[in-house]
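Protein chains in written order, with this note's numbering: chain D, 1 to 146; chain Z, 1 to 72.
Incorrect hints may have been included.
Which chain D residues face chain Z? A few, computed with CB under 8 Å, are given here [claimed, not checked]:
| no. | residue |
| --- | --- |
| 1 | Ala43 |
| 2 | Arg44 |
| 3 | Ala87 |
| 4 | Gln109 |
| 5 | Leu129 |
| 6 | Cys132 |
Since the hints were derived computationally from the structure, they do not count as laboratory data. Backbone N, C-alpha and C define an ideal beta-carbon position, used for all residues, glycine too.
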Amino acid sequence: MTIDLDVKLAVYRHFAEHTTRPTPIEVADVVQAPVADVLGAYARLRQERVLVLEEDGATIRMAPPFSGVRTQHVAIVHGKSYYANCAWDVLGVPAALQAAGTVHSRCEQSGEPLTLAVDAAGPERSDWLFHCHVPAARWWDDIVFT
Amino acid sequence: MLFFRSEEMARQWCVEHDYPLRPLVRMDQLWGLARSWYATRLQADARRPPPTEIVRIFAGLGLRGDFWNLGG
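From just these sequences and the hints, can you work out the full model?
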């Protein structure tokens, strides 16, 4: 549906510009549609695994790689700080914005900070590792937990 | 989905949280995943890769085995 694409683009462009999640009213204003139609699009985009919503069905928790809430994974691009959902997504922010940036996170065991420069060729050389304790087939059983 | 300074740090974390140690992913492999998923995300024609393509992406990055199998 056209409104689904319009809503998706409005959400992602809002994150890219403002670094934070938009409200349904803000999205409705951009796409020139009633809020109820925006919420309908949200539900369909959730089914397609494009958005993750809070229980109210109206608040965006994730528009991967962007996070609607504060996390330990932060990407700085064009001087703006973006929260990402996880270690994978924090590299996804400069990839999505197609711009160089700096990624900040930490070692989950020791707490040692990670700072990593990222450009179009990828992150600078690093021997840090990524680990996911949920097998790929079950990632979307509970994507927030994953 | 977390970062660890070393395999030993990941191993310790898994023991403390009672999770099995899963395959560890290098930073260059993670960049490949991030690009594959998100490089076109802000574009109108962006789409999530379907399962068959996801498996090919994993394999192309050297991520093979049961952990990376999407099943069904």
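For each hint, the structure was consulted:
1. Ala43: violated (17 Å)
2. Arg44: Violated. Min distance 14 Å.
3. Ala87: Where the cut-off is 8 Å and the nearest Cβ of chain Z is about 5 Å from D/Ala87, the hint holds.
4. Gln109: At 4 Å from the nearest chain Z Cβ, D/Gln109 passes the 8 Å test, so the hint holds.
5. Leu129: Status holds, d = 5 Å.
6. Cys132: With a minimum Cβ separation of about 5 Å from chain Z (threshold 8 Å), the hint on D/Cys132 holds.
In summary, the structure is inconsistent with hints 1 and 2 from the numbered list given earlier, while agreeing with the others.
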